[in-house]
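Visitor: What follows is each chain in one-letter form.
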Amino acid sequence: MTTGRPGRPYANTRLAQFLELRILHMKPKKTQAEIAAAAGLRSLNFLTMLKQGTSKVPIDRVPALAKALEADPKLLFRLAMEQEMGGTAAKAIDEIFGTIVSRNEVAWLEALREASDFSDPTLTSRAKSALRGIFGK
Amino acid sequence: MSRHMTRPEGCRHRLTCSCGALTDNERRWIEFLRDISDDGDPPVTLRRVQLLRRAIWGNRGRRVMR
Chain A
1 MTTGRPGRPY ANTRLAQFLE LRILHMKPKK TQAEIAAAAG LRSLNFLTML KQGTSKVPID
61 RVPALAKALE ADPKLLFRLA MEQEMGGTAA KAIDEIFGTI VSRNEVAWLE ALREASDFSD
121 PTLTSRAKSA LRGIFGK
Chain B
138 MSRHMTRPEG CRHRLTCSCG ALTDNERRWI EFLRDISDDG DPPVTLRRVQ LLRRAIWGNR
198 GRRVMR
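Residue numbers (the working numbering), protein chains in the order written: chain A, 1 to 137; chain B, 138 to 203.
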């Protein structure tokens, strides 16, 4: 999950991209300095480093950072694990301990079960197209 | 829980823990959802549930999956 960009080894990780987008969305509500302080980061500069992928997010900062960003801690944890150890190792952990799902994903799973009469539907091409339609992809 | 699902009754309430309670199909749905939403963790809305139902059953209420 690293990139060849000099000085920004984690810039292409999904967590760095998520942070950049989330901080942008939070702009009307919270400044970056407020987010950094609420997350217990040592400086605003460190938050910038996380966002730009210069540094990786310390796992122990995940709960506070999720709270500061008003994001689901399980989502952030999953992305941090992936950033920390790479996609393949993160997938292995998923297989061993089970898929980590956020609160919103739990709601999606419940909706999927209800909508399918609890029939454990397969993800067909047709279903994929419909889902893409939902998100305008 | 459905007769079609292999998990025992009550497992749906264990989704909030990471105990591997998802079926392979559910994991595929979630992973696809993550991909198309760019990990945006989108909330479920009434409109989305309606579209999800259509994705599973088709426009005419006929099952198109499985």
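Think of the hints as simulated: they come from the structure by calculation, not from any bench.
Check before you lean on any hint, since a few could be wrong.
[To be verified] List of simulated lysine to any residue pairs, SDA-like, C-alpha gap at most 25 angstroms:
(1) 27(A) x 187(B)
(2) 74(A) x 195(B)
(3) 29(A) x 180(B)
(4) 74(A) x 183(B)
(5) 29(A) x 186(B)
(6) 27(A) x 186(B)
(7) 137(A) x 173(B)
(8) 137(A) x 158(B)
(9) 67(A) x 187(B)
(10) 128(A) x 186(B)
(11) 74(A) x 191(B)
(12) 74(A) x 194(B)
(13) 56(A) x 186(B)
Visitor: Decide, hint by hint, whether the structure agrees.
Guide: Right, here's what the structure says about each hint:
Proximity of residue 27(A) to residue 187(B) is assessed by CA-CA distance (about 32 angstroms); at most 25 angstroms being required, the pair is judged violated. Distance check on the hinted pair: residue 74(A) and residue 195(B) sit about 33 angstroms apart at the alpha-carbon level, beyond 25 angstroms; violated. Taken as a hint, the residue 29(A) and residue 180(B) pair is honoured in the structure, with Cα atoms around 20 angstroms apart against an allowance of 25 angstroms. Distance check on the hinted pair: residue 74(A) and residue 183(B) sit about 24 angstroms apart at the alpha-carbon level, within 25 angstroms; holds.
Distance hint between residue 29(A) and residue 186(B) is unfulfilled; the C-alpha atoms sit about 29 angstroms from each other, more than 25 angstroms. About 30 angstroms separates the Cα atoms of residue 27(A) and residue 186(B), which puts this hinted pair outside 25 angstroms; it is violated. Distance hint between residue 137(A) and residue 173(B) is fulfilled; the C-alpha atoms sit about 7 angstroms from each other, no more than 25 angstroms. Proposed proximity of residue 137(A) and residue 158(B) is contradicted: the alpha carbons are some 29 angstroms apart, above 25 angstroms.
The straight-line distance between the Cα atoms of residue 67(A) and residue 187(B) is roughly 31 angstroms, outside the 25 angstroms bound, and the hint therefore fails. Between residue 128(A) and residue 186(B) the alpha-carbon distance is near 14 angstroms, which keeps this suggested pair within the 25 angstroms criterion. Annotation: proposed proximity of residue 74(A) to residue 191(B) is violated, straight-line Cα distance about 29 angstroms (limit 25 angstroms). Taking the CA atoms of residue 74(A) and residue 194(B), the gap is near 31 angstroms; set against the 25 angstroms cutoff, the hint is violated.
Proximity of residue 56(A) to residue 186(B) is assessed by CA-CA distance (about 36 angstroms); at most 25 angstroms being required, the pair is judged violated.
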